[in-house]
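2 protein chains.
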Amino acid sequence: MDFKTRTHTCKDLREEQIGETVILNGWVDNRRDLGGVIFIDLRDRYGITQIVFEPTYNKEAHELGKSLRSEFVISIEGKVRKRPEGTENSQLETGQVDVMVDKLTILNEAETTPFQIKDDIDVSEELRLKYRYLDLRRSRMQKNMILRHKFYQVVRNYFDSQNFLEIETPILMKSTPEGARYFLVPSRLHKGSFYALPQSPQTYKQLLMVAGYDKYFQITKCFRDEDLRADRQPKFTQIDVEMSFPNEETIFTLVEGLMQQLFKELKGIEFSAPIPRLTYDEALERYGSDKPDLRFGLEMVTLNDALSNSEFRVFKDTIDNGGIITSLLANGCGNYTRNQLDVLTEFAKKQGAGGLIWMRVKEDGLEAPIAKFLSDDEKQSIINKMNAKVGDLVLIVSGPKQKTLNIMGNLRLEMARRLELLKDTIEDKLVWITHFPLLEWDDETQRYYAMHHPFTSPLTEDIKYLENEPSKVRARAYDLVMNGNEIAGGSMRIFNSDLQSKMFSVLGISKEEANEKFGFLMNAFKYGAPPHGGIAFGLDRMIMLFAGENSIRDIMAFPKTTSGLSLMDESPSKVADEQLRELHIKLRK
Amino acid sequence: MDFKTRTHTCKDLREEQIGETVILNGWVDNRRDLGGVIFIDLRDRYGITQIVFEPTYNKEAHELGKSLRSEFVISIEGKVRKRPEGTENSQLETGQVDVMVDKLTILNEAETTPFQIKDDIDVSEELRLKYRYLDLRRSRMQKNMILRHKFYQVVRNYFDSQNFLEIETPILMKSTPEGARYFLVPSRLHKGSFYALPQSPQTYKQLLMVAGYDKYFQITKCFRDEDLRADRQPKFTQIDVEMSFPNEETIFTLVEGLMQQLFKELKGIEFSAPIPRLTYDEALERYGSDKPDLRFGLEMVTLNDALSNSEFRVFKDTIDNGGIITSLLANGCGNYTRNQLDVLTEFAKKQGAGGLIWMRVKEDGLEAPIAKFLSDDEKQSIINKMNAKVGDLVLIVSGPKQKTLNIMGNLRLEMARRLELLKDTIEDKLVWITHFPLLEWDDETQRYYAMHHPFTSPLTEDIKYLENEPSKVRARAYDLVMNGNEIAGGSMRIFNSDLQSKMFSVLGISKEEANEKFGFLMNAFKYGAPPHGGIAFGLDRMIMLFAGENSIRDIMAFPKTTSGLSLMDESPSKVADEQLRELHIKLRK
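Chains as they are written, first to last, in the working numbering: chain A, 375 to 963; chain B, 375 to 963.
Do not rely on the hints blindly, as some may be mistaken.
Since the list can't tell identical chains apart, any single copy or any two copies may satisfy a pair.
In silico lysine to aspartate or glutamate, DMTMM-like type, Cα no more than 25 Å apart, as pairs [said to hold, decoys possible]:
1) K565 with E956
2) K885 with D872
3) K948 with E887
4) K960 with E887
5) K641 with D534
6) K723 with E887
7) K963 with E428
8) K960 with D476
9) K723 with D691
10) K589 with D403
11) K900 with E485
12) K378 with D872
13) K524 with D534
FYI, nobody ran anything at the bench for these hints, they're computed from the structure.
Chain A with its partners taken away, still in its complex shape (with noise of 0.2 Å):
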């Protein structure tokens, strides 16, 4: 198929190229029949323009022009011309012309699509998939691939001119136990031996800084073989970074010259460093979560203190079991019906509360079902604790610590919902968690398991508890949390062999297991390990946070399902019994 290149994309034209003869090839967006006239929109990735098919120009142009539809790829030759008054459109960038078509090549022909290839479109996202090409042609879907592309630039941009050295790692490794379950591929060169995909380059980062490369960042692929949640693929992309000789304070200040230039070249927002920090703890006492949402206030109140003599059989339990008693004031709720206040009862017993206790801020006082079993004081004391105000609400619940304390943190999230605190054009918030446990205890398998990883470094001054007292451990560990989402999370690591081993140990790995898993790695801090640190973002969810999308699917190109189908190519699929047979292995029953 011969065809002229193009001399301008479908953006390029305005009022000075009115008279030149021009080429342009692209999609037809948008076809008008007005009193034998033809009007296409010819759209390209770059914009749109008009073209014109008239018989009295160019008859020949416009009898093929007849038969073009929807979606035909053609190629056009054409004079621009201004618009005719009346008829300049201000909302395209080339609105003030059009070319008038001199000649016409029909590049390929479209049958008519499943769907639209507009923005609102109401279709099922099964049909969107299955159709990804088309679903891409979306001028929304476009945004989000660019936003995406620029995003990689700012990011490698940034951290070179850090002068961090882009390394890669390898995808076929070797299979360690740790955490999610990982993909793995049977080698056929080596019978009954796999290689497992990477759920993370944390070894070799870390092999990286042994090999004396002090800053090493990639934007690599990463592969988890979970039981998909909603917005969770099988595969994700991961900013990972790491360098030597770092403190906290280094990779603070690093990851926040990133988020500046983030903001900055992609929203033309900027901001000052640092940014806040919340310990752990005060994150789960004020509000709930370790990744909370600061975007609004609606803080948590500790009552423990006010209540702390009181002779409530529920608040006095809870202080007795150390325990605790949170509370969240809803201002001007205190109108609530009982069926709404029911409502929020409700919520708050599926997340896991025995109850939900509320009082409504009255001007004699607190009117609440409990109110009775109150004294005054303890009335008084918790309204002026949470500075209430008549016309609020105040919701209560108490109970073994870290539960409540995410009961309380998920109805705060249900509370900006309802009062609608999370308007479009409300302000990113982000911050820093800092202090994570190093462990989790878990009742289920009777063991400790590691908070981030077992590569995570303790707390110099909690290390002596690391042997009696692990859950008191805290770890050099820390988060970055945009809008209530964590976007990135690292920590200082473990670069000591000895120390390494009392992990694994902790965490229940015989030594024998971790020589097999990880021998390599602990062999390598023999030969002159340097203290290192780093961390990871989650790249598919900031760009989601970036885009203002509500799914990572929406900012991929190719995503998969939540149950890791591929619609559009159908993997995974059956293959040939030859295949399994090369790689020495069979499907059971």
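Dock chain B against the given chain A, drawing on the hints supplied.
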């Protein structure tokens, strides 16, 4: 382990800092005890600084300094001083100064490394790969990694500047059958189904063109489960490029701009476009290869015309059978001994030649065993055609065209080595090879294979031969060759589903199979596919050539052996039967 953050790296200090108190972190590269004073070369990624422990300056630091050994990781605080006269080191950037140590913190000790950390080591590659984190400390490897980092940045910045969008394509994709073997990934969530790791993002980048993205690039990882040859890796890295509405010239100009940028920024060399071009046929006839090394002359000369009426049986048979008589002039090699000529003959025979004809150019004409079978005219004609001078050597091979040209091509490379034409200082040479055959006939399987891949467009004027004389069809394909290595290959693609179907049929792929494997691409072509084309670069090989290395393993941080083993982490490895059970597979006995 508490230590102070460095104030400088090990390459920063100059005379301006004399008298300042500084903190350095790094590795003990080298240690000398001179009359009670300890000199240490402290090393980091950036450079080396000499630090000094003197008992009269600081007794405590000196005492601790005695325990330092090679590759210990330390942090020191000390005062910069001018080195005593006569002890300056002009080899080092920091060689005018050293640092008198006030305080030493040993951050990590190091056992004796299995090999020394220096460039000229004589150890097996196995040992280097097992201790890759130590091998990577050597400055040669570091130089290569830094080059690789820069390579990435130059490439991406170039394509970004040319309005290309970086878009990620899937790693877990559909298994399709053409060409080399896929690595497969069993699906846990979909019993009996498998993903494949991509051999290239070919179909996805074509879909992005259908989606209207116009210009796409990506530096991406590709996977081929081949029986690995000496310099292959199961994973390789590709610069992948595709654009809509191009022709060959568009791609050539784009790529030439990239190559200019790479040569300028990485080698400090400016060259002017265009890069020379040879058709596949020319390249084969003149250099015996479709990836000719143009850094030296030694052009082959076809003698069919000169010997068209030869009575010599070997030549006569060749010409009668449509074969070729090709020759090479080795300047000044007329004095080669019989023994040397036997070695060359042996070389040619090993390549598959029936024999090698040689002729010495003497004052009185050609001296050769076969001289008596040639007429005086023929001998003179050979001399003229080859521009042979007294003292030169003429080498001739004859037989079936393709095979004979390849043999002579290899002999050409062998002669270049013998004549030492490939000096280190030799200028790099790039060349485009164009007009490849679309298909290759395979005698063993009795079918045609796509020489590039089945999506390559035939030349418009050759489409008519596709059904009945497929071997006559030339492709709109091109390779970029650097110093005898193919560094990139691409083509204009088929963008019409009928032509694509025809192509599959010529390749013996049934309609059902084509539909099952590539149905989504052929389907996409029905909804307005633009003309498109692109190219893909073998990034590893390119970097190897730029680095002047002979093995791609030397420009990868964590390469595998030729049989796909990682000697450092011992992957691939056995996995628990439980893992296989979850994946619905088991090992074959």
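Open item on the list: Could you work out which of the previously given hints the structure breaks and list their numbers from low to high?
Closed with: 6, 7, 8
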